[in-house]
Amino acid sequence: MEPCDSPESTPRQNASSNLKDYFLASTPWQKRLESVRKQTSFVQTTPRRKVPECSQLQETIDPHKLAFLLHKQWTLYSLTPLYKFSYTNLKEYSRLLSAFVAAEKQKGLAVEVGEDFNIKVIFSTLLGIKGTPRDSEAFLVQILSKSQLPSKNREDKVLWTGWFCCIFGDSFLETVSEDFTCLPLFLANGSESNTAIIGTWFQKTFDCYFSRLAINAFNLSWMAAMWTACKMDHYMATTEFLWSVPCSPQSLDISYAVHPEDAKALWDSVHKTPGEVTQEEVDLFMDCLCSHFHRHFKIHLSATRLVRVSTSVASAHTDGKIKILCHKYLIGVLAYLTELAVFQIE
Amino acid sequence: MKQSPGRGNCVAEEVARIPQSLVLPQKRAEYTTLQVSNSCQTSFTDWKVKEIPRNSRFIMKTSNPVDDANDQPEDALQRAMGYFEKGPKKSSRSKDENLETHLKAVENVAWKNGLPPEAIDVLLNIALSGTFGNAVNTRLLKCMIPATLIAEDSVVKAVSWLCVGKCSGSIKVLFYRWLVTMLDFIDHKEQINLLYGFFFASLQDDVLCPYVCHLLYLLTKKDNVKPFRVRKLLDLQAKMGMQPHLQALLSLYKFFTPTLISVSLPVRKKIYFKTSENPWTSALIAVRQRNQRPSVGPLKLTLGPDNGPNVKRKWNSHSLIPVLNSGTYAREYGKREMSLSDYLNRNRSLPVEQLQSFPQLLQNIHCLELPAQMGSVLNHPLLLHYINCVRDESILLRLYHWLSQTLQEECLWYKKNNYEQGEEFMNLLDTVIRAQCFLQEGFYSCEAFLYKSFPLWDGICCRSQFLQLMSWIPFSSFSEIKPLLFDHLAPLFFTSTVYFKCSVLQSLKELLQNWLLWLSMDVPQSPMTCNPLDTTLGASIISVSKLIEYVGWLSTIALRLENNSAFLLHFILDFYEKVCDIYINYNLPLVMLLPPGIFYSALLSLDTSILNQLCYIMHRYRDNMTAAKKKDMLEKTKSEFNFSSKTCEEFNNYLTVMIGCLWTSKPFKKEMYIEPHILGKAKVTEYKSNLNLVLHPSLLNYAASFLLQENPEEKAVNVDTIRGQKWNKYLDYLFSEGLQGLKLFIQSSVQRFYAPQ
Chain S
1 MEPCDSPEST PRQNASSNLK DYFLASTPWQ KRLESVRKQT SFVQTTPRRK
51 VPECSQLQET IDPHKLAFLL HKQWTLYSLT PLYKFSYTNL KEYSRLLSAF
101 VAAEKQKGLA VEVGEDFNIK VIFSTLLGIK GTPRDSEAFL VQILSKSQLP
151 SKNREDKVLW TGWFCCIFGD SFLETVSEDF TCLPLFLANG SESNTAIIGT
201 WFQKTFDCYF SRLAINAFNL SWMAAMWTAC KMDHYMATTE FLWSVPCSPQ
251 SLDISYAVHP EDAKALWDSV HKTPGEVTQE EVDLFMDCLC SHFHRHFKIH
301 LSATRLVRVS TSVASAHTDG KIKILCHKYL IGVLAYLTEL AVFQIE
Chain U
1 MKQSPGRGNC VAEEVARIPQ SLVLPQKRAE YTTLQVSNSC QTSFTDWKVK
51 EIPRNSRFIM KTSNPVDDAN DQPEDALQRA MGYFEKGPKK SSRSKDENLE
101 THLKAVENVA WKNGLPPEAI DVLLNIALSG TFGNAVNTRL LKCMIPATLI
151 AEDSVVKAVS WLCVGKCSGS IKVLFYRWLV TMLDFIDHKE QINLLYGFFF
201 ASLQDDVLCP YVCHLLYLLT KKDNVKPFRV RKLLDLQAKM GMQPHLQALL
251 SLYKFFTPTL ISVSLPVRKK IYFKTSENPW TSALIAVRQR NQRPSVGPLK
301 LTLGPDNGPN VKRKWNSHSL IPVLNSGTYA REYGKREMSL SDYLNRNRSL
351 PVEQLQSFPQ LLQNIHCLEL PAQMGSVLNH PLLLHYINCV RDESILLRLY
401 HWLSQTLQEE CLWYKKNNYE QGEEFMNLLD TVIRAQCFLQ EGFYSCEAFL
451 YKSFPLWDGI CCRSQFLQLM SWIPFSSFSE IKPLLFDHLA PLFFTSTVYF
501 KCSVLQSLKE LLQNWLLWLS MDVPQSPMTC NPLDTTLGAS IISVSKLIEY
551 VGWLSTIALR LENNSAFLLH FILDFYEKVC DIYINYNLPL VMLLPPGIFY
601 SALLSLDTSI LNQLCYIMHR YRDNMTAAKK KDMLEKTKSE FNFSSKTCEE
651 FNNYLTVMIG CLWTSKPFKK EMYIEPHILG KAKVTEYKSN LNLVLHPSLL
701 NYAASFLLQE NPEEKAVNVD TIRGQKWNKY LDYLFSEGLQ GLKLFIQSSV
751 QRFYAPQ
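Protein chains in written order, with the UniProt record's numbering: chain S, 1 to 346; chain U, 1 to 757.
Worth double-checking, as some hints may not be accurate.
Below are the DSS-like pairs computed for lysine-lysine, each with C-alpha atoms no more than 25 Å apart in a straight line [to be verified]: (1) S:Lys120 <-> U:Lys546; (2) S:Lys105 <-> U:Lys222; (3) S:Lys105 <-> U:Lys546; (4) U:Lys546 <-> U:Lys629; (5) U:Lys226 <-> U:Lys254; (6) U:Lys629 <-> S:Lys146.
The set of hints was computed from the structure by calculation and includes no laboratory data.
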């Protein structure tokens, strides 16, 4: 029975305030509120997450593009669903956004769409960057500056890059209608002013909203544990933690580097359920690191704030900046970031 | 020093017409916009009408010097102006000292509040006429900071001094730089545009060239571009090489008339003119801030990392709430040429910008082009009407997402030390609340926002907005909301002042009222037979009753904490005025009595109005219960609710006590026993007959006045004499004193054997 359309329904039936809707929890609002309530309620369900694995879909990613996403520092944003976004119009969007960027750059002078600028904006899809087939296709936006050299094999210089993705965003997908495209995670690399221009255009055109996505210490610990748990063929970087001591006039940073194999050994010793990471394990892992530090330096790291975690898989800063190093676990890293972004916009 | 009397008005009008989006520093941009719209207004948006009276006071003072300690700097300015106007006296020693003090006076006012147009007129004249030396002229020019605007005449006069050759090169440079900075403050620009040829000729001067170029860059219109000027510019370029300022002007010329300039210019744009390093910009901003205008300010698209992740400022917009723009702009903007069918289609739909009136909305409701950003409806009552009746879920979802994120992003206590935006946030909340009141319905975004932010709320910041938001929480299960909201509210409630308590109770009353309205609109249409709604109704009634119970609990404790404050009691009884009428007013099967802690406090209150209010509430309870009972008897079916016999019993008990205390002088027959020695201490031995309409502490006053009215000469009144016929008269006296609640209560609950005459 579809409660919204029952004939005896009241004339004043408003999608947002209907008694029956409320009790049958049928509207997206209700589902949304449920999740807000769950978030804020006291009883925190102890979460379990999968240890990142190599994704099947990832095989289809263009290796050139994949390399492009790695080893760059990305600033993270959460993004509400895009209204009436269409993958078939990417060319048109490129044209419009080029004109918009040009107009913003040379404030005041009139700009005609389609005119030849020295700046070009390009949209392209990132095939394969998804968790499940239901996830929206990821796409990339780049601002290129056309090189002035007349030579034929000139290469345009990339001024700014941003990409939108959604990895395992099913739960969120359910709450919106088909007019919307869910790409809750946005990553940007380049000047902030360009991010602002592009963001403004998206907000105006697709009625969406960008917010910076900060990563709190709790989530950083989770990242540390999950990324340490990843199996690596060879380690590229040491595992490093940065703790910040808030004191004036300048805050004091404590860097704590561990050999990646030692970190993995520690993880293996606290890890019980194969393939899964639990809250207790994360806590235990961090506690062990802290107590080791305390034994040597008599400093309680638990009294300070974790601000950065770097491993061979990726490194993340509490400001909401991330660098992904290992292509194998790209999807795994993005899945957790998507989860955080969805949490922020729900 | 004179001011044309009409200027104040003229400024006011212009300010009203100029859109807020014109911002000062990006000069080229604003100036072109103005040219396009074919008007010569200046963009002194930030200097608003309020500034004007100040200047007129300033003018008044010249003729009518009033000593006012607060305005000393301005008085000093007056004297300085007089000094400069008359010109320096020849006595050398005192001249220097005078000059210095007067210069200081001018500088003081200028850097602090800016100078009025008349002062700028005079001083500019002085600075360029060469009356004083270079140093003085420089200082004068540096403090030419307008408080409102600059008269075009002053500038034209100043330019005319440049031709006389009285001022040095460095002063000329400084003047041009000043002119470039202040161009947007000049009230008209027709005359200045006529001087284009003069300015262009000044390009000859190598020192002045860069600054004149900048000025010309701002002034140039299409018809200023002439072949001979192009030639001249190209000559200069050949002579001086590729100078950025010349390039700027050339590229602008080329933009206007591409055919005249065949020379290829570097396409890559760069900054031609540095605007940062001039002595006035910072002062302008400071003056503007001090003059307390909402700073539209030099808005930059920055998201500096030092701002911290949570303080992303809004991108490229002047207010939190987006501007109304119809949605299709992007799509149409993309099409180079519109086909005929497109054109016809467009004619059929109405862009939201054109929506002006309600009839227009009704006529076009089927073909309205919705705004590109749904958040903009908040400021638009007509569109609020529209979204209220439209059943398109995506509209509501768009609004939901935008509002949730905006509230979260702007919320003050999520950010560290960012209280400048306090007012902005408060305004946003006010707008949202207005929209909710307009729609008579709460937004889900606000509910979610409350749940997230209530645990962090300090109970002070944006208090009234927060409590209002609370009263618009859409109807839902109380036991679900309680841990999220009310459990956080209780500690704040108990630890705050009585005023906070009262406002919370007020909001809870409004919440109850909103819930009851929602329920009562849904219930009558659904038959009470065995359909799933039966349980639904039951559940919603339970939810409402839990809310009432919760408020009863809060109130009882609060009364004790506040020593039975009559003020607080008023707010509590206000709440129960809603509660007692639920059955009759909202047609909902619910009767809940007020808790004893409140009942007895109200009954024995020293405040007559409290007693009166209680009487009214008891009277309404009685009516509601009788009505419910009657319906029960009529339908003879198993009714949808049995307000339990316990409620009935409790009510009867309350009623007995009240009658005892007010009428029969037999209070507390059963349930109270007071130790005799306590009564002895209180010197009340016969308490059982010491409480009635005459002797009730809050009514004793009335009894005395009543007796005095009867016998004005009486020295000592004996209230015991009020009985029998006099009792009746006394009653009428009480009723005539405005105790309506008491009247209703006595008329309904007491059988009077004699008709009041």
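Going down the list of hints, with the structure as the test:
no.: 1; hint: S:Lys120 <-> U:Lys546; in the structure: 61 Å, violated
no.: 2; hint: S:Lys105 <-> U:Lys222; in the structure: 22 Å, holds
no.: 3; hint: S:Lys105 <-> U:Lys546; in the structure: 59 Å, violated
no.: 4; hint: U:Lys546 <-> U:Lys629; in the structure: 23 Å, holds
no.: 5; hint: U:Lys226 <-> U:Lys254; in the structure: 11 Å, holds
no.: 6; hint: U:Lys629 <-> S:Lys146; in the structure: 85 Å, violated
Hints 1, 3 and 6 from the list above are not met by this structure, while the remaining hints are.
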